[in-house]
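K.L.:
So the chains spell out like this:
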Amino acid sequence: MNAARKPQSRSAKPAKSATGTVALLVATRKGAFIYRSDKARRAWRVAGPMFFGHIVHHLVLDPRPGPKGGRTMLAAASTGHLGPTMFRSTDLGRSWKEAAKPPAFPKAREGQRARAVHHNFWITPGHASEPGTWYVGTSPQGLFRSTDDGVTWTSVAGFNDHPMYEKWTGGEQDGTPSGPMLHSINVDPRDPRHLYLGMSSGGVFESLDAGASWRPLNQGMLADFLPEKYPEYGHDSHCLRQHPAAPDVLYQQTHCGLYRLDRPGTVWQRIGDNLPKSVGDVGFPVVLHPRDAGTAWVFPMDGSTVWPRTSPGGKPAAYATRNGGRTWKRQDAGLPKSQGWFTVKRQAMSTDAHDPVGVYFGTTGGEIWASRDEGAKWSCIVRHLPEIYAVEAVELPR
Amino acid sequence: MKVFIPTPLRSYTGGRSDVEAAGTTLAEVMADLDRRYPGIRFRMVDEQDAIRRHIRVWVNKDEARRLDVPVKESDEVIIFQALSGG
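So the sequence lines, in the order shown, correspond to chains A and B. The numbering used here puts the first residue of the first sequence at 5, with every later residue one more than the last. The numbering used here puts the first residue of the second sequence at 3, with every later residue one more than the last.
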């Protein structure tokens, strides 16, 4: 079941390549850091730690300019002891203010499971036409929206109170070791009402009405940990990306393989079968070229036996496709040739918008690796950080 | 009444370890704390009104596991974080 053609799709606004300073927004188990590059993306200057000692799952800069030209940055934070919250900055991380009303589930009705947000996991800015709108995905699985630029958050009832919620999301035992989570919220750049999300566990779901109603979108996807191998829902989606310039093209890394879906089709095609069998197609992240819908990068991990989730054979490498997943090229120049037991989490790989594209990933061992030439050569630009949860490459305002 | 605030929550109280709050139940004390120090309650108590797993609350020498515990003005409420983490 291999996809055989390069994606051709109805496009959104064409993206221009960036030329300015890149910043890496880095979320770790012990705080957040921002690394700013020079224009050549060779030298990096650090700011941080911010939220020192806090568990920061995601740090995201709004691509939309605010009313005064500034851009809001949101951070999803908690600690080992305190409840989860959100912080917002309007000065690129120099100062932060806590959300007045962080994401929280509604009070449980009689007989209903009492849900409490354990941590805010994934942050997605809303559509370009809806300034101030943001989405957050949580653990356990919940979808929350802010329409006041992250100050207050409300439960998206169409998902969180859906009659199928319990069946779609499964129980606590169905989630990851860090808890079941809702992630990969994608807003269609052509239509603010068209949303996708992924869940571990649960799979992929789609809404055409701004979250009021949802349907599973999992046909063709393997769930080899369930009695029914191709169920309607219950999959373990790791990372789902909608191409920004060709929004009908979706790439997805799951617990069981690597997939692509070309809408309006509804059947996922397993493009991971085209990776070397000795490497396999299990991993956490998948990241996309900002302008070419046929180009994507993954970072395979060992999903054999007891699931080490480290680079297969201790030989870390990214794999890149230039043709929508038909063929893949190993990219390991500059990476350790042996004894490199990297784990790269689902939010910890990112691309910038330069030409050639910069590709970045952070490891659970606290290193950040960067490539200024689309993965052809890697160099370690940061060492000795805490466990890295997320790396977001963004272009800073001039 | 006097309320002891642990270090992780002192960013809300301007660094103070001992603060005042009023109420006839622990729930009212928590609500009053949140009026005085906005946001502090949700870090200790979840949206289902349960004291969070790693937060410990004592009223004098008795540990309180629920918010409906009655309190009086002469009581002391002591909030700690549990020994956990790494």
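Hints are not guaranteed to be accurate.
Straight-line Cα separation of at most 30 Å, BS3-like style, residue types lysine-lysine; simulated pairs [as the list claims (entries may be wrong)]: (1) K74(B) with K111(A); (2) K101(A) with K4(B); (3) K4(B) with K105(A).
Keep in mind the hints are simulated off the structure, nothing from the lab. Quick caveat, the model's predicted, so the values are computed rather than measured.
K.L.:
All the hints need checking, so say for each whether the structure fits it.
P.N.:
So, going through the hints one by one against the coordinates:
no.: 1; hint: K74(B) with K111(A); verdict: holds (28 Å)
no.: 2; hint: K101(A) with K4(B); verdict: holds (27 Å)
no.: 3; hint: K4(B) with K105(A); verdict: holds (26 Å)
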